[in-house]
Amino acid sequence: MINFKRFLHSKKYAPYIFILPFIIIFLIFWLFPLLNSFRMSFQDQMLGQEPIWIGFDNYRKLLNDTVFVKAVSNSVIYMVATLILLIPLPMLFAVLIDSKYMRAREFFKSSFFVPALTSVVVAGTIFRLIFGEMEGSLMNSFLANFNLGPYKYLKDQTLSRVALLALACWRWTGVNMLYFLAGLNAIDKEYYEAAAIDGASAFERFKNITIPLIKPTTVYVLTISIYAGLAMFTESLMLFNGNNSPKNIGLTIVGYLYRQGIEKNRLGYAATVGIVLLIVAMTINLTQLKLTGTFKKEGNN
Amino acid sequence: MKMHTQRMGTLLLILIVAFTLTGCGGGTSSTSTSSDDTTSSSEASSSDNTSETSQLGSETAGDNATEFDYWTFVDLHGKHFEKMLGLWNQANPDRQIKLNVTVMPYDDMHNKLLIAVQTGQGAPDISDIEVGRFPDFIAGNEVPLVDLTDVVAPYADKLVQSRLDIYSKEGAIYGFPTHVGATVAFYNTELLEQADIDYTKIVTWDDYKAAGIKLYETTGKYLGTADTSAGWQASMLSAQQGVDVTDADGNPTVNSPELIKGYEMLVDLQANNVIATIPGGQPDTEEAKGEYNMGNYGSALMPLWFMSRFTNEMTDLKGKIAIAPLPVFEEGQPRSLGLGGTGTVVTKSAKDIELAKDFLTFAKISDEANIEIWNTLGFDPVNTDVWAMEDVTHNPENEFVQYFINNPFDVLNEIKDEIMLVKSTASSPSINNILNTITTNEIFEDGRDVTEALNEAQELIEQDLQ
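Chains as they are written, first to last, in my numbering: chain A, 1 to 301; chain B, 1 to 466.
Keep in mind the hints are simulated off the structure, nothing from the lab.
Do not take every clue at face value.
Derived PhoX-like pairs (lysine-lysine); straight-line CA-CA distance at most 20 angstroms [what the hints assert, rightly or not]:
1. A:264 / B:357
2. A:70 / A:247
3. B:158 / A:264
4. B:357 / B:158
To list a few chain A residues with every Cβ distance to chain B over 10 angstroms, as calculated [claimed, not checked]:
5. 27
6. 102
7. 130
Distance ranges between label pairs, derived from CB positions [claimed, not checked]:
8. A:212 / B:120: 56 to 64 angstroms
9. B:65 / A:5: 56 to 64 angstroms
10. B:63 / A:110: 51 to 59 angstroms
11. B:75 / A:27: 40 to 48 angstroms
12. A:66 / B:91: 52 to 60 angstroms
13. B:312 / A:26: 45 to 53 angstroms
14. B:312 / A:141: 22 to 30 angstroms
Remember, it's a predicted structure, so these values are computed and weren't measured experimentally.
For glycine and all other residues, C-beta sits at the position ideal for the given N, C-alpha and C.
Kindly generate the complete structure, drawing on both the sequences and the hints.
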């Protein structure tokens, strides 16, 4: 008993006990599935059948798979577009809301955030109706005022991307804005006062104080946005009312993984798709983190 | 500085709460998806995004009854089982059954069922499987479904053999058929009369085209649809010319000269405003049924089970719809084919396999069952003896008899020997997927050359099957 107590109080072991839950969860729900899918990607595996070892065949097939190429290009274009829209805009809104001249701050904060609380299923269904091809759909009847349309949004590559991005912006602007607000709160207001006394304009203060000091938040948002963009699935599934969009204009990497693994029961091939997604996401993010200097030790700058 | 840390802590807390909430929302709901307009040849599809379970037989069965779980993607099928279950429990006091019916959306049900039967965990005892997805369930060496050949055998000579073949593998039958799915033309006579068109005079596609041009000139409405999310038209055009979308060995042949000719004919119809793409992509979708109900399209060339969609979902057209054989390229070509279909299966993990087999034999292929399938569901039963029973087929109380201008069985009996078989092979799911998502969209929406589009479809399907 005393030994146990000493064990718990020991500075050497206690930290490990505290992080044990995380380690266990990490091993069971993250590392094991990862290693397992790595093994599966070299197999021809169907549920209920004995797996067959086929070496690099899945990877070879994937390289020549035009549908997979389509899925990757869809996901990458979506990811890049969300980065362009979902980093500057939320940052701007955060700065505006944080400004001391802002009225009804809490109202704007919460109304931006409400969409994130809506289920994707509901949001996707509503957006599908908004962007419906009927003349009476919201978008078509709105554009009819300007003598445009009607358009078949969800059958056209560009228009369907606009619809998907509209859904993404509607949902995620508020979340990213909150990250930036948290970042802004950490900046000492004295810097701004000092700069104002020295005659810096509002834009100069934003450029020279806000942007550099908010960089850790920006890097964090960038990192999760890259991953979220590449791993997008539910939005497309709901918007197109299923995983099979016309000409695969809404197919994403994860959508393809789902199609192969769940719909066609080719788990080995689906695992290969997953591994490739991991490699793509890791490569982009590690490059990005390296370029933004996150790996540098503090004070080395 | 302390002040800042506190505020930041509050914000972080809000974020964590928010993410937990959204996390839950996304997780529970992401499984419930419906995609009726992307299904290949789905006989039916439930339109809402939720699944629901209800118990049947609790009034007719005693406490010792065996409880079976039954999954389906068509709400109506439960109604049929309710009727048959009552009769079964009356006739078999020592072998009583309660049925827990779970209705799920098409994709959702098939995906869940596939995983469940293959892992042997959580599968229902009895389930419906749509013909387009059936090959996925009998692929591989270990079929997770029970062989039903012995119980079907006594009825085999009464049933349409081709409807058993689509649920068979190497001579063993794994699914009880529901209907023949004979494809016919449904004409909106009220609309056609406005343009002074007599639907009984439409025999060939040339007649159809002439009628369509006249209809468009008079009313501005279209006679038919150019389907972009279902493969029925491909099968129909092939079958009329004596081929299928697969060859004798089940390999895909979607770039056959016959199919190219067929789609070029449809493209010509589209160019002349005879047919047009319909919201939803094919007649059996929510959007399209709305268009039909408003009288915006003059005809639907669909299997006979589409009748139940008229009576349930297009009620404004009551008394206006006539049934006729399909138009063909040349007189003398077969004027129908069996499309769609649902096989009811017993899973190997079922509680009491013998009881399940006997009950399904009674509920799906017995003479009573076939009569009820017409009475309750309005389907064309696989036991064609029923087609000749005047009192059953012309019963004035029947809602389907009441709804349509002419009696469906008058048409069915006329085309009885012309109903072609569409094979269901291991390559069918891929063929449907490529044609319904890519090829037909390219042809009808983008105006791509038919030969080019079908050649590419063939390549894509072969690549997908590797």
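(message) Please check whether residue 65 of chain B and residue 5 of chain A have a Cβ separation lying inside 56 to 64 angstroms.
(response) For residue 65 of chain B and residue 5 of chain A the Cβ distance comes to about 59 angstroms; the hint holds.
(request) Take the C-alpha atoms of residue 357 of chain B and residue 158 of chain B, compute the straight-line distance between them, and say whether it is at most 20 angstroms. (result) Measuring from Cα to Cα gives roughly 19 angstroms; hence the hint holds.
(message) Please verify that the nearest CB of chain B lies beyond 10 angstroms from residue 102 of chain A's CB.
(response) For residue 102 of chain A, whose nearest Cβ neighbour in chain B is about 16 angstroms away, the distance exceeds 10 angstroms, so it holds.
(message) Between the beta carbons of residue 66 of chain A and residue 91 of chain B, is the distance compatible with 52 to 60 angstroms?
(response) 57 angstroms, holds
(request) Indicate whether the distance between the beta carbons of residue 212 of chain A and residue 120 of chain B respects the range 56 to 64 angstroms. (result) For residue 212 of chain A and residue 120 of chain B the Cβ distance comes to about 59 angstroms; the hint holds.
(message) Holds or violated: the 40 to 48 angstroms window for the beta-carbon distance between residue 75 of chain B and residue 27 of chain A?
(response) Holds - the Cβ-Cβ distance for residue 75 of chain B and residue 27 of chain A, about 45 angstroms, lies within 40 to 48 angstroms.
(request) Compute the least Cβ-Cβ separation between residue 27 of chain A and chain B, then decide whether it is above 10 angstroms. (result) Holds: least Cβ distance 21 angstroms, greater than 10 angstroms.
(request) Quickly compare the C-alpha distance for residue 264 of chain A and residue 357 of chain B to 20 angstroms and report which way the hint goes. (result) Since the Cα atoms of residue 264 of chain A and residue 357 of chain B sit roughly 28 angstroms apart, the hinted pair is violated (cutoff 20 angstroms).
(request) Given the hint of 51 to 59 angstroms, check if residue 63 of chain B and residue 110 of chain A actually sit that far apart at their C-beta atoms. (result) 55 angstroms, holds
(message) If we take the beta carbon of residue 130 of chain A, is the closest beta carbon in chain B still more than 10 angstroms away?
(response) 14 angstroms, holds
(request) Take the C-beta atom of residue 312 of chain B and the C-beta atom of residue 26 of chain A, compute their distance, and say whether it sits inside 45 to 53 angstroms. (result) 52 angstroms, holds
(message) Run the distance test for residue 70 of chain A versus residue 247 of chain A: straight-line Cα separation, threshold 20 angstroms.
(response) 10 angstroms, holds
When each numbered hint is compared with the structure, violations occur for hints 1, 3.
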